[in-house]
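Please put together the full structure from these sequences, using the hints given.
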Amino acid sequence: MGIEKIVADRKAKAYCVLRNEANSKSAKKSRRKQRKMSMVQKLYETCKEVFANGGAGFIPPPSDIERIRSVLDSMTEADVGLRRNMSYFRKSSTDRVPKITYIQLYECATFSIAIFCLPASGIIPLHNHPGMTVFSKLLFGRMHIKSYDWAVDAPLNTTASANDLNIEPAEVRLAKVKVDSDFRAPCDTSILYPADGGNMHCFTALTPCAVLDVLGPPYSDPQGRHCTYYLDFPFSRFAVDGMTVPEEEREGYAWLQEREKPEDLVFAGALYGGPKIVVH
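Read in order, the letters of the sequence shown correspond to residues 0 to 279 in numbering that gives the first Met the number 0.
Simulated from the structure, these hints should not be mistaken for lab results.
Bear in mind the structure is a predicted one, so any value in this text is a computation, not a measurement.
Quick reminder that beta carbons are idealized off the backbone N, C-alpha and C, glycines included.
Do not take every clue at face value.
Said to hold, decoys possible - Result set (DSSO-like, lysine-lysine): computed pairs, CA atoms no more than 27 Å apart in a straight line:
#1 Lys41 x Lys260
#2 Lys145 x Lys175
#3 Lys260 x Lys98
#4 Lys47 x Lys275
#5 Lys90 x Lys175
#6 Lys35 x Lys145
#7 Lys35 x Lys275
#8 Lys260 x Lys175
#9 Lys98 x Lys145
#10 Lys90 x Lys47
#11 Lys260 x Lys177
#12 Lys90 x Lys260
#13 Lys35 x Lys47
As the list claims (entries may be wrong) - FRET-style restraints, in silico, Cβ to Cβ:
#14 Leu230 x Val277: 39 to 47 Å
#15 Asn84 x Pro245: 16 to 24 Å
#16 Pro245 x Asp94: 42 to 50 Å
#17 His225 x Asp179: 23 to 31 Å
#18 Asp179 x Met242: 42 to 50 Å
#19 Val176 x Asp263: 24 to 32 Å
Laid out in C-alpha coordinates, this is it:
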(Lines of atoms letter the chains of each structure in order from A and count residues from 1; the text may use other names and numbers.)
(Lines give C-alpha, C1' and ligand atoms only; values in the text may rest on other atoms or scores of the structure.)
Protein backbone atom coordinates (compact mmCIF):
# COMPACT_ATOMS: atom_id res chain seq x y z
CA MET A 1 0.00 0.00 0.00
CA GLY A 2 2.88 2.38 0.83
CA ILE A 3 4.50 1.92 -2.58
CA GLU A 4 1.15 2.42 -4.34
CA LYS A 5 0.62 5.68 -2.46
CA ILE A 6 4.08 6.98 -3.41
CA VAL A 7 3.46 6.13 -7.07
CA ALA A 8 0.05 7.82 -6.97
CA ASP A 9 1.54 10.96 -5.40
CA ARG A 10 4.26 11.12 -8.05
CA LYS A 11 1.65 10.78 -10.85
CA ALA A 12 -0.44 13.55 -9.28
CA LYS A 13 2.59 15.84 -9.06
CA ALA A 14 3.56 15.05 -12.65
CA TYR A 15 0.02 15.81 -13.80
CA CYS A 16 0.08 19.17 -12.00
CA VAL A 17 3.41 20.07 -13.60
CA LEU A 18 2.12 19.17 -17.08
CA ARG A 19 -1.10 21.09 -16.52
CA ASN A 20 0.79 24.19 -15.34
CA GLU A 21 3.11 23.97 -18.34
CA ALA A 22 0.11 23.68 -20.66
CA ASN A 23 -1.57 26.69 -19.02
CA SER A 24 1.64 28.66 -19.26
CA LYS A 25 2.04 27.83 -22.97
CA SER A 26 -1.59 28.74 -23.60
CA ALA A 27 -1.15 32.08 -21.82
CA LYS A 28 2.02 32.83 -23.78
CA LYS A 29 0.28 31.92 -27.05
CA SER A 30 -2.61 34.22 -26.15
CA ARG A 31 -0.20 37.08 -25.35
CA ARG A 32 1.66 36.53 -28.63
CA LYS A 33 -1.63 36.60 -30.53
CA GLN A 34 -2.57 39.88 -28.86
CA ARG A 35 0.83 41.38 -29.69
CA LYS A 36 0.55 40.30 -33.31
CA MET A 37 -2.97 41.70 -33.83
CA SER A 38 -2.79 44.46 -36.41
CA MET A 39 -4.22 47.89 -35.64
CA VAL A 40 -6.85 47.52 -38.36
CA GLN A 41 -7.91 44.17 -36.87
CA LYS A 42 -8.13 45.83 -33.46
CA LEU A 43 -10.30 48.56 -34.99
CA TYR A 44 -12.60 45.95 -36.54
CA GLU A 45 -12.88 44.01 -33.26
CA THR A 46 -13.65 47.17 -31.29
CA CYS A 47 -16.29 48.39 -33.77
CA LYS A 48 -17.87 44.94 -33.88
CA GLU A 49 -18.37 45.02 -30.11
CA VAL A 50 -19.43 48.66 -29.86
CA PHE A 51 -21.95 48.54 -32.72
CA ALA A 52 -23.20 45.00 -32.06
CA ASN A 53 -26.72 46.27 -31.34
CA GLY A 54 -26.47 49.48 -33.34
CA GLY A 55 -28.84 50.98 -35.85
CA ALA A 56 -30.10 54.35 -37.08
CA GLY A 57 -29.74 56.97 -34.36
CA PHE A 58 -27.67 54.69 -32.12
CA ILE A 59 -25.06 56.59 -30.12
CA PRO A 60 -22.52 54.44 -28.27
CA PRO A 61 -21.98 55.29 -24.59
CA PRO A 62 -19.02 57.58 -23.83
CA SER A 63 -16.80 54.68 -22.74
CA ASP A 64 -17.32 52.93 -26.09
CA ILE A 65 -16.81 56.18 -28.02
CA GLU A 66 -13.47 56.49 -26.22
CA ARG A 67 -12.52 52.89 -27.11
CA ILE A 68 -12.89 53.53 -30.85
CA ARG A 69 -11.30 56.97 -30.60
CA SER A 70 -8.30 55.51 -28.76
CA VAL A 71 -7.64 52.95 -31.51
CA LEU A 72 -8.03 55.50 -34.31
CA ASP A 73 -5.85 58.10 -32.60
CA SER A 74 -2.92 55.68 -32.63
CA MET A 75 -3.28 54.67 -36.30
CA THR A 76 -1.18 55.88 -39.22
CA GLU A 77 -1.28 55.31 -42.97
CA ALA A 78 1.13 52.38 -42.59
CA ASP A 79 -1.46 50.52 -40.49
CA VAL A 80 -3.79 50.37 -43.52
CA GLY A 81 -1.16 49.76 -46.18
CA LEU A 82 -0.98 53.29 -47.60
CA ARG A 83 2.10 55.15 -48.81
CA ARG A 84 2.19 58.85 -49.53
CA ASN A 85 3.70 58.34 -52.98
CA MET A 86 0.75 56.23 -54.22
CA SER A 87 -1.02 57.41 -57.37
CA TYR A 88 -4.21 57.98 -55.33
CA PHE A 89 -2.67 61.19 -54.00
CA ARG A 90 -1.60 62.68 -57.34
CA LYS A 91 -3.85 64.77 -59.54
CA SER A 92 -3.92 63.60 -63.13
CA SER A 93 -3.24 66.21 -65.81
CA THR A 94 -6.46 65.11 -67.51
CA ASP A 95 -8.64 65.63 -64.42
CA ARG A 96 -10.44 68.97 -64.33
CA VAL A 97 -11.35 68.22 -60.71
CA PRO A 98 -9.13 66.00 -58.54
CA LYS A 99 -10.45 62.44 -58.39
CA ILE A 100 -11.03 60.98 -54.93
CA THR A 101 -10.24 57.33 -54.27
CA TYR A 102 -12.55 55.33 -52.02
CA ILE A 103 -11.23 52.16 -50.37
CA GLN A 104 -13.68 50.02 -48.43
CA LEU A 105 -12.12 47.89 -45.71
CA TYR A 106 -15.30 46.40 -44.27
CA GLU A 107 -19.05 46.92 -44.18
CA CYS A 108 -21.97 45.22 -42.45
CA ALA A 109 -25.45 46.31 -41.38
CA THR A 110 -24.23 48.11 -38.26
CA PHE A 111 -20.91 49.74 -39.21
CA SER A 112 -18.42 50.32 -42.01
CA ILE A 113 -14.72 51.14 -42.24
CA ALA A 114 -13.36 52.99 -45.28
CA ILE A 115 -10.59 55.30 -46.47
CA PHE A 116 -10.83 58.41 -48.64
CA CYS A 117 -7.65 59.37 -50.52
CA LEU A 118 -7.55 62.97 -51.73
CA PRO A 119 -4.98 64.70 -53.95
CA ALA A 120 -4.21 68.33 -53.11
CA SER A 121 -7.28 70.53 -53.81
CA GLY A 122 -9.56 67.48 -53.70
CA ILE A 123 -12.96 68.24 -52.18
CA ILE A 124 -15.66 66.09 -50.64
CA PRO A 125 -18.60 68.53 -50.83
CA LEU A 126 -20.88 69.38 -47.93
CA HIS A 127 -23.01 66.31 -47.12
CA ASN A 128 -24.90 64.78 -44.21
CA HIS A 129 -24.82 61.56 -42.15
CA PRO A 130 -28.44 60.76 -41.27
CA GLY A 131 -28.82 58.79 -38.03
CA MET A 132 -25.09 58.04 -37.85
CA THR A 133 -22.22 58.31 -35.43
CA VAL A 134 -19.08 58.97 -37.48
CA PHE A 135 -15.38 58.86 -36.61
CA SER A 136 -12.93 60.53 -39.02
CA LYS A 137 -9.18 60.09 -38.57
CA LEU A 138 -6.81 62.18 -40.70
CA LEU A 139 -4.00 59.70 -41.35
CA PHE A 140 -1.64 62.18 -43.00
CA GLY A 141 -1.66 65.53 -44.74
CA ARG A 142 -3.41 68.83 -44.10
CA MET A 143 -7.13 69.38 -44.58
CA HIS A 144 -9.75 72.08 -44.05
CA ILE A 145 -12.96 70.87 -42.43
CA LYS A 146 -16.14 72.89 -42.28
CA SER A 147 -19.14 71.38 -40.54
CA TYR A 148 -22.63 72.38 -39.47
CA ASP A 149 -25.48 71.26 -37.23
CA TRP A 150 -29.06 72.33 -37.82
CA ALA A 151 -29.95 75.41 -35.80
CA VAL A 152 -32.20 74.57 -32.87
CA ASP A 153 -35.78 75.92 -33.09
CA ALA A 154 -35.28 77.11 -36.68
CA PRO A 155 -37.90 76.15 -39.29
CA LEU A 156 -37.15 72.83 -41.00
CA ASN A 157 -37.49 74.24 -44.49
CA THR A 158 -38.13 77.86 -45.31
CA THR A 159 -38.62 79.65 -48.61
CA ALA A 160 -36.38 82.63 -48.01
CA SER A 161 -36.39 85.84 -49.99
CA ALA A 162 -33.00 86.86 -51.31
CA ASN A 163 -31.43 90.11 -50.16
CA ASP A 164 -29.93 90.36 -53.64
CA LEU A 165 -32.79 91.09 -56.04
CA ASN A 166 -30.98 89.19 -58.81
CA ILE A 167 -31.29 85.92 -56.86
CA GLU A 168 -34.50 83.92 -56.87
CA PRO A 169 -36.08 82.95 -53.52
CA ALA A 170 -34.89 79.51 -52.39
CA GLU A 171 -35.92 76.77 -49.98
CA VAL A 172 -33.24 76.86 -47.32
CA ARG A 173 -32.69 75.82 -43.72
CA LEU A 174 -30.67 77.56 -41.05
CA ALA A 175 -27.56 75.78 -39.74
CA LYS A 176 -24.99 76.66 -37.12
CA VAL A 177 -21.25 76.40 -37.87
CA LYS A 178 -19.62 73.73 -35.70
CA VAL A 179 -16.08 73.59 -37.15
CA ASP A 180 -14.29 75.80 -39.66
CA SER A 181 -10.59 75.02 -39.28
CA ASP A 182 -7.47 73.54 -40.81
CA PHE A 183 -6.23 70.20 -39.46
CA ARG A 184 -2.78 68.70 -39.84
CA ALA A 185 -1.92 65.06 -39.05
CA PRO A 186 -1.25 63.82 -36.48
CA CYS A 187 -4.37 65.18 -34.83
CA ASP A 188 -7.26 63.90 -32.73
CA THR A 189 -10.03 61.88 -34.33
CA SER A 190 -13.12 63.93 -35.23
CA ILE A 191 -16.46 62.56 -34.04
CA LEU A 192 -19.93 63.58 -35.16
CA TYR A 193 -23.32 62.39 -33.97
CA PRO A 194 -26.81 62.12 -35.50
CA ALA A 195 -27.79 65.62 -34.37
CA ASP A 196 -24.58 67.14 -33.03
CA GLY A 197 -20.85 67.48 -33.56
CA GLY A 198 -21.10 68.73 -37.16
CA ASN A 199 -23.34 66.13 -38.81
CA MET A 200 -22.97 67.93 -42.16
CA HIS A 201 -19.37 68.47 -43.20
CA CYS A 202 -17.11 69.31 -46.12
CA PHE A 203 -13.48 68.20 -46.59
CA THR A 204 -10.97 70.22 -48.64
CA ALA A 205 -7.48 68.76 -49.08
CA LEU A 206 -4.84 71.46 -48.63
CA THR A 207 -2.16 68.85 -49.34
CA PRO A 208 -2.47 65.20 -50.41
CA CYS A 209 -4.16 63.43 -47.52
CA ALA A 210 -6.03 60.32 -46.41
CA VAL A 211 -9.00 60.02 -44.06
CA LEU A 212 -10.02 56.80 -42.30
CA ASP A 213 -13.78 56.77 -41.61
CA VAL A 214 -15.92 54.63 -39.32
CA LEU A 215 -19.68 54.98 -39.84
CA GLY A 216 -22.20 53.46 -37.48
CA PRO A 217 -24.48 52.54 -39.16
CA PRO A 218 -23.42 53.01 -42.82
CA TYR A 219 -25.48 54.72 -45.51
CA SER A 220 -28.43 52.63 -46.71
CA ASP A 221 -30.91 53.82 -49.32
CA PRO A 222 -33.44 51.03 -48.53
CA GLN A 223 -33.43 52.11 -44.87
CA GLY A 224 -33.71 55.80 -45.69
CA ARG A 225 -30.12 56.78 -44.87
CA HIS A 226 -29.36 58.69 -48.07
CA CYS A 227 -26.34 60.90 -48.58
CA THR A 228 -27.68 64.41 -49.19
CA TYR A 229 -25.47 67.18 -50.56
CA TYR A 230 -25.86 70.87 -49.75
CA LEU A 231 -24.92 74.34 -50.87
CA ASP A 232 -24.14 76.78 -48.07
CA PHE A 233 -24.79 80.53 -48.16
CA PRO A 234 -23.84 83.29 -45.71
CA PHE A 235 -26.59 84.28 -43.30
CA SER A 236 -26.79 87.72 -44.93
CA ARG A 237 -27.67 86.17 -48.30
CA PHE A 238 -31.32 85.48 -47.42
CA ALA A 239 -33.99 86.93 -45.17
CA VAL A 240 -36.75 85.06 -43.37
CA ASP A 241 -39.65 86.85 -41.70
CA GLY A 242 -39.60 86.49 -37.95
CA MET A 243 -36.10 85.00 -37.80
CA THR A 244 -33.31 87.11 -36.42
CA VAL A 245 -29.74 86.44 -35.30
CA PRO A 246 -27.69 89.08 -33.44
CA GLU A 247 -25.33 90.79 -35.87
CA GLU A 248 -22.20 89.77 -33.95
CA GLU A 249 -23.24 86.10 -34.20
CA ARG A 250 -24.20 85.95 -37.88
CA GLU A 251 -20.87 84.60 -39.06
CA GLY A 252 -21.62 81.49 -37.01
CA TYR A 253 -24.71 80.68 -39.10
CA ALA A 254 -25.41 79.79 -42.73
CA TRP A 255 -28.31 78.82 -44.95
CA LEU A 256 -28.12 75.30 -46.37
CA GLN A 257 -29.91 74.29 -49.55
CA GLU A 258 -30.23 70.69 -50.78
CA ARG A 259 -28.63 69.93 -54.11
CA GLU A 260 -28.05 67.01 -56.42
CA LYS A 261 -24.75 65.17 -56.19
CA PRO A 262 -22.22 67.44 -57.97
CA GLU A 263 -21.61 66.22 -61.52
CA ASP A 264 -17.87 66.78 -61.23
CA LEU A 265 -17.56 64.74 -58.02
CA VAL A 266 -15.77 61.51 -58.94
CA PHE A 267 -15.11 58.65 -56.53
CA ALA A 268 -12.83 55.94 -57.90
CA GLY A 269 -13.00 52.62 -56.06
CA ALA A 270 -9.80 50.80 -55.18
CA LEU A 271 -9.05 47.49 -53.47
CA TYR A 272 -7.80 47.48 -49.92
CA GLY A 273 -4.18 46.33 -49.78
CA GLY A 274 -3.36 46.64 -46.10
CA PRO A 275 -3.21 44.03 -43.31
CA LYS A 276 -5.98 41.47 -43.66
CA ILE A 277 -9.09 41.84 -41.53
CA VAL A 278 -10.19 38.48 -40.16
CA VAL A 279 -14.00 38.67 -40.15
CA HIS A 280 -15.97 36.51 -37.73
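Hint-by-hint comparison with the structure:
1. Lys41 x Lys260: violated, 34 Å
2. Lys145 x Lys175: holds, 11 Å
3. Lys260 x Lys98: Between Lys260 and Lys98 the Cα gap is close to 15 Å, so the pair holds against 27 Å.
4. Lys47 x Lys275: holds, 16 Å
5. Lys90 x Lys175: violated, 33 Å
6. Lys35 x Lys145: Distance ~38 Å between Lys35 and Lys145 Cα, so the pair is violated.
7. Lys35 x Lys275: The given pair, whose Cα atoms are some 12 Å apart, holds under the 27 Å limit.
8. Lys260 x Lys175: This hinted pair holds, its Cα atoms lying about 22 Å apart.
9. Lys98 x Lys145: This hinted pair holds, its Cα atoms lying about 20 Å apart.
10. Lys90 x Lys47: Given pair Lys90, Lys47 is violated - Cα atoms ~35 Å apart, limit 27 Å.
11. Lys260 x Lys177: holds, 23 Å
12. Lys90 x Lys260: holds, 21 Å
13. Lys35 x Lys47: The hint holds at about 19 Å.
14. Leu230 x Val277: 39 to 47 Å: At 43 Å between Cβs, range holds.
15. Asn84 x Pro245: 16 to 24 Å: violated, 50 Å
16. Pro245 x Asp94: 42 to 50 Å: With Cβ atoms ~44 Å apart, the hint holds.
17. His225 x Asp179: 23 to 31 Å: holds, 25 Å
18. Asp179 x Met242: 42 to 50 Å: Roughly 22 Å apart at Cβ, these two residues miss the hinted range, so it is violated.
19. Val176 x Asp263: 24 to 32 Å: 25 Å Cβ-Cβ, so the 24 to 32 Å window holds.
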